Amino acid sequence: MEINPILQNVLAPPVLFFLIGAISVLFKSDLEIPAPLPKLFSLYLLLAIGFKGGIEIQKSGFTDQVLPTLGAAILMSLVIPLVGFLILRFKFDVFNSAAIAAAYGSISAVTFISAESFLESQKIDFDGFMVGALALMESPAIIVGLLLVKFAAPQNRPKSRKMHLSAILHESFLNGSVYLLLSSLIVGFLTASSNPSGITKMEPFTGQLFYGAECFFLLDMGIVAAQRLPRLKSAGSFLIGFAIFMPLFNAFIGVLIARFLSLGPGNALLFVVLCASASYLAVPAAMRMTVPEAKSSYYISTTLGLTFPFNIVLGIPIYMSLVNTIIPLSPL
Amino acid sequence: MEINPILQNVLAPPVLFFLIGAISVLFKSDLEIPAPLPKLFSLYLLLAIGFKGGIEIQKSGFTDQVLPTLGAAILMSLVIPLVGFLILRFKFDVFNSAAIAAAYGSISAVTFISAESFLESQKIDFDGFMVGALALMESPAIIVGLLLVKFAAPQNRPKSRKMHLSAILHESFLNGSVYLLLSSLIVGFLTASSNPSGITKMEPFTGQLFYGAECFFLLDMGIVAAQRLPRLKSAGSFLIGFAIFMPLFNAFIGVLIARFLSLGPGNALLFVVLCASASYLAVPAAMRMTVPEAKSSYYISTTLGLTFPFNIVLGIPIYMSLVNTIIPLSPL
Amino acid sequence: MEINPILQNVLAPPVLFFLIGAISVLFKSDLEIPAPLPKLFSLYLLLAIGFKGGIEIQKSGFTDQVLPTLGAAILMSLVIPLVGFLILRFKFDVFNSAAIAAAYGSISAVTFISAESFLESQKIDFDGFMVGALALMESPAIIVGLLLVKFAAPQNRPKSRKMHLSAILHESFLNGSVYLLLSSLIVGFLTASSNPSGITKMEPFTGQLFYGAECFFLLDMGIVAAQRLPRLKSAGSFLIGFAIFMPLFNAFIGVLIARFLSLGPGNALLFVVLCASASYLAVPAAMRMTVPEAKSSYYISTTLGLTFPFNIVLGIPIYMSLVNTIIPLSPL
Amino acid sequence: MKRLDLIFSERELDAIIKTLEKADVPGYTVMKHATGRGPERVVTEDMEFTGFGSNVHVIVFCEQEIIDKMRDNIRDDLSYYGGVAYISEATPL
Amino acid sequence: MKRLDLIFSERELDAIIKTLEKADVPGYTVMKHATGRGPERVVTEDMEFTGFGSNVHVIVFCEQEIIDKMRDNIRDDLSYYGGVAYISEATPL
Amino acid sequence: MKRLDLIFSERELDAIIKTLEKADVPGYTVMKHATGRGPERVVTEDMEFTGFGSNVHVIVFCEQEIIDKMRDNIRDDLSYYGGVAYISEATPL
Ligand SMILES: Nc1ncnc2c1ncn2[C@@H]1O[C@H](COP(=O)(O)O)[C@@H](O)[C@H]1O
Ligand SMILES: Nc1ncnc2c1ncn2[C@@H]1O[C@H](COP(=O)(O)O)[C@@H](O)[C@H]1O
Ligand SMILES: Nc1ncnc2c1ncn2[C@@H]1O[C@H](COP(=O)(O)O)[C@@H](O)[C@H]1O
Ligand code: NA
Ligand code: NA
Ligand code: NA
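Protein chains in written order, with this note's numbering: chain A, 25 to 356; chain B, 25 to 356; chain C, 25 to 356; chain D, 4 to 96; chain E, 4 to 96; chain F, 4 to 96.
Worth double-checking, as some hints may not be accurate.
As the list claims (entries may be wrong) - A short list of chain F residues far from chain E (calculated; beta carbon distances all over 12 Å):
1. LYS5
2. ARG6
3. ALA18
4. ARG40
5. VAL45
6. VAL63
7. PHE64
8. ASP71
9. ARG74
10. ASN76
11. ARG78
To be verified - Some chain F residues judged to face chain D by a derived CB distance under 7 Å, without partners named:
12. LEU16
13. THR22
14. ALA26
15. VAL28
16. ALA37
17. THR38
18. GLY39
19. GLY41
20. PRO42
21. TYR84
The set of hints was computed from the structure by calculation and includes no laboratory data. Remember, it's a predicted structure, so these values are computed and weren't measured experimentally. Glycine included, C-beta positions come from ideal geometry on N, C-alpha and C.
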C-alpha cells in the first residue's frame, strides 16, 4: 500500500485500458471501435449509474448530509460556468465562452465512476447519494450557459432561432444523456422501494458487468481523446492552459466546500471530482443545438482531449491528496 | 403484497424502462438507441429464451401436460388468424386482413418474458416447456396468413410472385427470428442431454444477464412503440379497437382452454399471454416479403404501438386476475 | 465419457451455434448479425483472452517450460509460412503465395479458445501461458509473408509503395487485433501484479461472460464461413486441398515438437491447434494493406470458409487423439 | 458514361444484384441502412431490428447500353416492392 | 426531373423533412452517419456517442417546381446549422 | 460546380483526404460501410469485423479547377488499391 497513489491509479484496469487506447493512436495502430458501439457502452453506463444511484438513495434515505451536499453541488454547477465565462471572455466571444464554461460547470459521469473505482481500490467508503449530486449537476450548467448567450450575446441572432426559456429547459433536462441518467435513477429508486427482488435480478447486468464495461468504454475514450489532442493546437495555448487550470481551481474550491460540509474523505473526493470534471456528453450536444455560433472543436477538444485524460490519470490521485491534506486541518 | 397487481407490474424494472422510453418520445427527448443495437438485444433475447427453454424441456421431459398444451398452442395459432381475418374483412381488403390477422395469431417473445418476470415477482411457478409453446406458435400463424392470401386474394397478382407452398414454409420456419429461437432451443436441448457442464458455463450469459438485457431492450421498445402510436391515427378507430379487443378476446378463449387443460396458474398465464400477444418480429418480416400489397404501417403500428404496450403494462395483470378467477371455478 | 470425442466436441454449445449459423445459410434463412456487432464480439474476445492470459502468465511466472514453448511457437510461425510458400508457388504467383502462407503461419484466436473449451469439457489441464504463445505467433508470420513479397516479388511494384521494414513491422505489431491482444495481455499482467482486486472486478466481464459471447460470435462465424464456402470453387481444388492438408501437416509437426518439449496433453493440444489454425483477422487486414496484388478471396475464403470450420468441428478432436497417441510413445 | 441510382427495399437486394450481374455491369456499390419515404410507404430505422429491413442505395457507373439491357428487369423488381431508379450523366475522372 | 442532394447535421433532419413534406415532394431518402468537413466544421464519427450526432445525406428526386417551392426554407435551415445543397439533372429509368 | 464521387477502400481514406485537403476543396462528405463489386474484387460487409474494412463513398462539390489540381493524385491512389471516381454537373440550390 506504499506505492505512489498516482502509479496505483494508473495501474488499475480502467486507466490502463484508457492508456492503451491513447497509445494505439500515438502508434497509428488501426484499432478502432466503430460506431455505434461506444454509444452502447455510454448508454449502458448512464443506465447503470442511475439505477444503482437510485437504489442507494432509497436505501440511505435523506440523511442530514444529503440535502446540503446536493445543494452545494447545484450551487457549484451554477457558479463554475459564471467564473469560467469571465475568464474565457478575455480571449473568446460570448458564444464560445458560454459553451466552454457550461461544459466545465457540468460533469463527466465516467470521471465520476473512475473516482469511485479509485476509492474502492483504496478501500475508502463513499455514499450512494453522491450519484444524486452527479445527476443534479448536469442541467444547471447548461441553463447558465444558455442564459449567458441569451443575455450577453449581440442582439442580431437570426430571429427564427431566438432562445426561449422552454427551449433552454428542454435542452437542459431532456437531453438524451441527462434524461437517461435521471430516469434510471428514478427507476432504481422505485425498484428499491417497491420491488426489492428486481434489484437482485438487475445486479449481474448493472453491477457485476459494470467494471468491465467501464474498461471497454475507456479503451474507446482513450482513442477518441488522443485523436482530439492534436486539434487543440488550433485552439491556442490560452485554452490549453484553461483545460488544466480550471479543473484544479474547481477542485480547490470543491475541497473547501467539502470541508465546510464535513464530508468524509470518500464523499469529499467524489464532490471534488464532480467540480473538476467537464462534460463531453450532455453539454456539447445541447450547445450544438442551441449555440451553433460556438466552435464545437473548442468545447469538445478541451474537455475530451485534455481535461478528461488529465482527471482520469493524474487528477483523481491529486484530488485525493488534496482531500487528505485539507479536510483534516483544524476547523476554519 | 397487498399492492394493486397492475401497480406492482408497472413498478418492475422492465416495465419502468419501457415507460421511460415511451415518455422520452412524449417529451421529445433526443434519447435514441441507434441501429443495430436493438437488433443485438433482440438476437440475444431470442437465443437466450430458446437455449433456456431447450434445457427446461430436456429436464422436465415430455410429461402428461406437455403434449396437450403444445397441441392447444398450435391450435390457437391456427384459429386466431382465421377469426381475426373474418373480423378484419369488414373493413380491410384480403391482403391487409391476412397480414394483420397473422400477426395476432403469432406471438411476441418479449411479452412472454415479461409475463415470466411478472410470475417470478409474484412467486408463482411455471414450467420451462411453455417456451416450446412459444416456439411452436410463431410459424403456424404465418402459414395461415399466407394461405389466406393464396386462396382468398383476387387472381391477378403478378405471376412471377405466385406463392408456392415452399415459399410459404420458407417464410414460416426460416425467418431469422423463428429460426434463431427454434435452433437455440435445439442447442439447449442437446446441451442439457449430452454436455451439462455447458449449461453452467452459459448461465452467466443466458441466465444472469437476461433481466438487465430485457430492461435495455424494453427501453428501446418504449421509444419505438411511442413513435408508432401517432401513425395509428391514419389506421382509423376500427383498427385501434381491434388492437385492444382482439388480445382481450384471445386471452378469454385462452383462459378457457387453460382451464380445460387443467394448467396451473403460472402455465395458464403464459398460455393466455401467448394467445393475447401479437408478433412484431417474425410476421411483419414475412408479410413484407410475401404480401407487399398489405400496408406495413397497419400491422406494425397496431402490434407494436398499441397491443404490445397494452399487454406489457395492463394486459398481464388483467390476464392474471382472469386466470385467478376462472381457473378455480367448479368444473365446466 | 465413452461417446465419440468428435461427437462430444460437436455437441458443445459453441460448435452447435457455429453449425446453426452455417445451416442458416444453407437453408437460406435471413438470419443476420449486422455489422458492427461481430466486431463488438471480436474485440471483446481479444480483450478477454489477452487479459486472462496476462493474469495467468503473471501467476505461473516463467517456469522451465515457458520459454522453450514460446520459442517453439515463434519458430513454428516463422517456418510454416516458408513451407506453405514453397507449396503454394507451384500454383500461385509470389503475392498470393506469400499472403496465403502468412495466414497459415499465424493463428486463429477463436480456434484456440474452442480448443480450451474442449479441454475443459474433457477435464484436461492446460497452462495460462499458452496464451502467450498465441500472442507471439501472430506477428512473425506476417513479417515472413511481407519479407517474402519484398524479396521474391518482381522488381516492378509501384515505387511509391515500396515496402520498408518500418511498414512491415507496423503492420505486424500495430494491426488492430494484434495490438489489442498484446496490450490486453500486458494490462492483465500489470493488474495481476499490482492490483489483484481489479481481477475480481473484471472477472464477470472477462470470465463469466466469455463462454456465452464465444457462442454468439461463433453463430456469426458459422454464417460467414458458410457464405464464403461457395467462393472457394473459383479458387480451385489445389487451394481447397491446401486448406485441409496444411493444418493436418502443421498439426503433425506441432505434435512432434510438443513431444520433444515434453508438454502435457493439454498444453500439447493448444500448441498443435496454434500450429494448425490460420488467421482470418490480423493477416488478411495486413495483407490487404501491403499486398493488394494478392486476391483477398483466396486467403480469406480458405481460412474462414474451410480451415476454420474444419478445425472447430473435426480438427480439435483429431488433434487430441494425435496428441494422445504420439506423446506417450517411448522417447524418440 | 451514366450513373444509375437505385433505392429500394433491402429485401430485394439479391434480386437486383442478380439483374445487374446478368447485364454485365462493370461494378456496383451498395449502401445499406437508408431510410425514407416514397409514394407508398415510410421506411424508418426502427424497423431494422424487427427483421423488416430498411432501404439500400445502389450506385452503378456504366454505359448506356448496359442500362438498356437491364431496364425492364429492374422496373419489374421495383414495381413489385417499390423503389426508385434514376439515371444521370457522369464522366470518369 | 431533378436530383437534390442535401448534406447537413442530423440535428436538423426533422426540420428539413418538414420542409420537404410541405413542398409535397414525391419521396426522399435519408442516409445517416455521414461525416465530413465543410467551411466551418469537421464532423467525425467519434462524436456520435456524445449525442452530438453526425451528418445526414438526403436525396430527393423531384420536379424543378418543387425545388423552387422549398428553396428559401432549405437555405434558411442550412444557413443556421451549416450544410450544403446541390441540384443535378436526373432521368427516370 | 461539379460533383465528384469517389468510391474506394476505407483503408485509403486518410490518403485521399490528404489529397483533397491539399487541393483546397471547400468541403467533402464521407459515407462509410459501402460494399460492392468492382472489376477486381467483391467487398462484403462480413469483412468488416476482420479489420479488413469495407468501402467508403466520398462526395465532393467543388469547381472544375480543383478537380484538375487533384486528378493525378487521386488516380494514383485508386490505381493501387482499386476504386472508381466520376464527375458530374451540379448547381448550388
Ligand atoms: N422521389 C424520391 N426521391 C428520393 N427517394 C425516393 C423517392 N421516392 C422513393 N424514394 C425511396 O424509395 C423507397 C421506396 O419507396 P416506395 O416506392 O414508396 O416503396 C423510399 O423509402 C425512399 O427511400
Ligand atoms: N463542398 C462540399 N462537398 C461535399 N460535402 C460538403 C461540402 N461542404 C460541406 N459538406 C458537408 O456538409 C457538412 C456541413 O458543413 P458546414 O457547412 O461546414 O457545417 C460537412 O460536414 C460536410 O459533410
Ligand atoms: N462501375 C462501378 N459502379 C459503381 N461502383 C463501382 C464500380 N466499380 C467499382 N465500384 C466500387 O469500387 C470498389 C472498388 O472496386 P475495385 O476497383 O474492383 O477494387 C468496389 O467495391 C465498388 O464498391
Ligand atoms: Na464540473
Ligand atoms: Na397471439
Ligand atoms: Na498456424
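Here's how the hints hold up against the structure:
With a least CB separation of 10 Å from chain E, LYS5(F) falls inside the 12 Å interface cut-off, contrary to its annotation. With 12 Å as the threshold on Cβ separation, the claim that ARG6(F) sits away from chain E is violated: the shortest Cβ distance comes to roughly 6 Å. At roughly 16 Å, the least C-beta separation between ALA18(F) and chain E is larger than 12 Å, which holds for a residue marked as non-interface. No beta-carbon of chain E comes within 12 Å of the beta-carbon of ARG40(F); the shortest separation is about 20 Å.
Even its closest Cβ contact with chain E, about 22 Å, leaves VAL45(F) beyond 12 Å, as expected for a residue assigned away from the interface. Look at VAL63(F): its CB is around 9 Å from the nearest CB on chain E, not clear of 12 Å, so calling it non-interface is violated. At roughly 5 Å, the least C-beta separation between PHE64(F) and chain E is not larger than 12 Å, which violates its mark as non-interface. With a minimum CB-CB distance of about 19 Å to chain E, ASP71(F) clears the 12 Å threshold, and the non-interface call stands.
With a least CB separation of 20 Å from chain E, ARG74(F) remains clear of the 12 Å interface cut-off, as annotated. Residue-level check passed: ASN76(F) sits 18 Å from the nearest beta carbon of chain E, beyond 12 Å. The claim that ARG78(F) is not at the interface with chain E holds, since no C-beta of that chain comes within 12 Å of its own (minimum 22 Å). Evaluation of the LEU16(F) hint against chain D yields a violated restraint, the C-beta minimum of about 15 Å exceeding 7 Å.
Restraint check, THR22(F) versus chain D: the minimum CB separation of about 12 Å is more than 7 Å; hint violated. Using the Cβ-Cβ criterion of 7 Å, the hint placing ALA26(F) at the interface with chain D is not satisfied: the shortest such distance is roughly 13 Å. Hint status for VAL28(F) relative to chain D: violated, with the closest Cβ pair at about 14 Å, above 7 Å. For ALA37(F), the interface hint holds, the least distance from its beta-carbon to any beta-carbon of chain D being 5 Å, beneath 7 Å.
For THR38(F), the suggested interface contact is upheld, since its CB lies about 5 Å from the closest CB of chain D, less than 7 Å. A distance limit of 7 Å between C-beta atoms decides the matter here; for GLY39(F) the minimum to chain D is near 4 Å, and the interface restraint holds. A distance limit of 7 Å between C-beta atoms decides the matter here; for GLY41(F) the minimum to chain D is near 4 Å, and the interface restraint holds. Checking PRO42(F) against chain D: minimum C-beta separation of about 6 Å stays under 7 Å; hint holds.
For TYR84(F), the interface hint is violated, since its Cβ never comes within 7 Å of a Cβ in chain D; the closest pair sits about 14 Å apart.
Of the hints listed earlier, those the structure fails to meet are numbers 1, 2, 6, 7, 12, 13, 14, 15 and 21, in rising order.
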